[in-house]
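Colleague: Quick mapping for you: the protein sequence lines, in order, are chains A and B.
If you read the first sequence in the UniProt record's numbering, its first letter stands for residue 1, the second for the next number, and so on.
If you read the second sequence in the UniProt record's numbering, its first letter stands for residue 1, the second for the next number, and so on.
Don't take every hint at face value.
To be verified - If the Cβ cut is set under 8 Å, some of the chain B residues that face chain A in the computed set are:
#1 Gly88
#2 Thr128
#3 Glu157
#4 Leu175
#5 Thr176
#6 Val185
Everything labelled a hint here was simulated from the structure, so no lab data went into it.
A virtual CB, placed ideally from N, CA and C, is assigned to each residue, including glycine.
There are 2 protein chains.
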Amino acid sequence: MGDLTPRTGDTPPKQDRSRATRRRLLEAAVACLAERGWSGSTVSVVAEAAGVSRGAAQHHFRTREELFLAAVEYVAEERSQALRALGGRSRAEVVEALVALYTGPLFRAALHLWVAASDEPQLRPRVTELEARVGREAHRMAVELLGADEAEPGVRETVQGLLDMARGLGLATLLTDDAARRQRVVAQWSRLLDEALG
Amino acid sequence: MGDLTPRTGDTPPKQDRSRATRRRLLEAAVACLAERGWSGSTVSVVAEAAGVSRGAAQHHFRTREELFLAAVEYVAEERSQALRALGGRSRAEVVEALVALYTGPLFRAALHLWVAASDEPQLRPRVTELEARVGREAHRMAVELLGADEAEPGVRETVQGLLDMARGLGLATLLTDDAARRQRVVAQWSRLLDEALG
Numbered sequence: 001m002g003d004l005t006p007r008t009g010d011t012p013p014k015q016d017r018s019r020a021t022r023r024r025l026l027e028a029a030v031a032c033l034a035e036r037g038w039s040g041s042t043v044s045v046v047a048e049a050a051g052v053s054r055g056a057a058q059h060h061f062r063t064r065e066e067l068f069l070a071a072v073e074y075v076a077e078e079r080s081q082a083l084r085a086l087g088g089r090s091r092a093e094v095v096e097a098l099v100a101l102y103t104g105p106l107f108r109a110a111l112h113l114w115v116a117a118s119d120e121p122q123l124r125p126r127v128t129e130l131e132a133r134v135g136r137e138a139h140r141m142a143v144e145l146l147g148a149d150e151a152e153p154g155v156r157e158t159v160q161g162l163l164d165m166a167r168g169l170g171l172a173t174l175l176t177d178d179a180a181r182r183q184r185v186v187a188q189w190s191r192l193l194d195e196a197l198g
Numbered sequence: 001m002g003d004l005t006p007r008t009g010d011t012p013p014k015q016d017r018s019r020a021t022r023r024r025l026l027e028a029a030v031a032c033l034a035e036r037g038w039s040g041s042t043v044s045v046v047a048e049a050a051g052v053s054r055g056a057a058q059h060h061f062r063t064r065e066e067l068f069l070a071a072v073e074y075v076a077e078e079r080s081q082a083l084r085a086l087g088g089r090s091r092a093e094v095v096e097a098l099v100a101l102y103t104g105p106l107f108r109a110a111l112h113l114w115v116a117a118s119d120e121p122q123l124r125p126r127v128t129e130l131e132a133r134v135g136r137e138a139h140r141m142a143v144e145l146l147g148a149d150e151a152e153p154g155v156r157e158t159v160q161g162l163l164d165m166a167r168g169l170g171l172a173t174l175l176t177d178d179a180a181r182r183q184r185v186v187a188q189w190s191r192l193l194d195e196a197l198g
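This is chain A alone, in the form it adopts within the complex (with noise of 0.2 Å):
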């Protein structure tokens, strides 16, 4: 406000804070929804949380679903990225990776927007959009780093099939820490996968 001179400098501080802020402002308000659900999710909460005024968040976010949808597409696509750093690993690796995915705090931001937007006629259009986005992502990435040849047939069953255990791992953690158990349900299947892709 105020600073209305044209800038000449070669960094455009007020556009890098700008994006500090944004980028602020969506790490907060995954770990709030992961944390306390859509019901205690607001813009105020975030802001707080982002150390960001409320009119600040206010400007980059007008409603409080478009801070929540775009929370839980940019740490998607971080994690995305990360996958990608795995090429070259073996397959339980990778498998390990892809549940992984699913039991941190990102899937359980995202778990609560979805059952949130089932009951929200306004939200639900645009969640069952984002979602469909970035499971098509991770199967595609899934298919890529398993090294599975999508023309054989059963081959992308078995990899979507994987896909939807490693949601189902990512549920059943929701309430209590079964880690001890995934990791043997996952070596388990690991070995399975691997005999059925050949």
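We have chain A; now place chain B onto it with these hints.
Modeller: Showing chain B alone in chain A's frame:
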């Protein structure tokens, strides 16, 4: 009220009526949870849907928590009995029936209860305990119906992974009806399971 004369007839109609009212409340509670989620599910809404007065509903269930926990447990038991009738079917049919357990209104209702419990400290321990009990029963039934020998290494984890996949498929149906995709995944994983169990 007022009827204090001891009954001498061979059927106790009052007790029968009470049991029928209880059952109607439990069924309405599951439907309500599946359709409106936790925040839209109150004793009043359920009582109205069941055609029971609020006072009568509170005579059966003192608190909202009691009503919905009992409802999820009741329907889980009904489903479990339906599963028992599947003895002697092929593995593919059993897998299909197991997956159906996780894609109907019961799972949808349970999912809303789990997600609500994950943020509500007074609900969480009871839902966690109920979920563990229902999960153990589903596992026990799956082992029996699939003719799986848990003494063999890996078999226990193979069956657990199958139930996790079913749970993940259930989650995928929350926002979109993906029955066609699900059918293909289930057919393929039935084949993998059949090979794994021998």
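Colleague: Take the hints in turn and mark each one as holding or not.
Modeller: Cross-check of the supplied hints:
no.: 1; hint: Gly88; result: violated, 26 Å
no.: 2; hint: Thr128; result: holds, 5 Å
no.: 3; hint: Glu157; result: holds, 4 Å
no.: 4; hint: Leu175; result: holds, 5 Å
no.: 5; hint: Thr176; result: holds, 6 Å
no.: 6; hint: Val185; result: holds, 5 Å
Violated hint: 1 only; the structure is consistent with all others.
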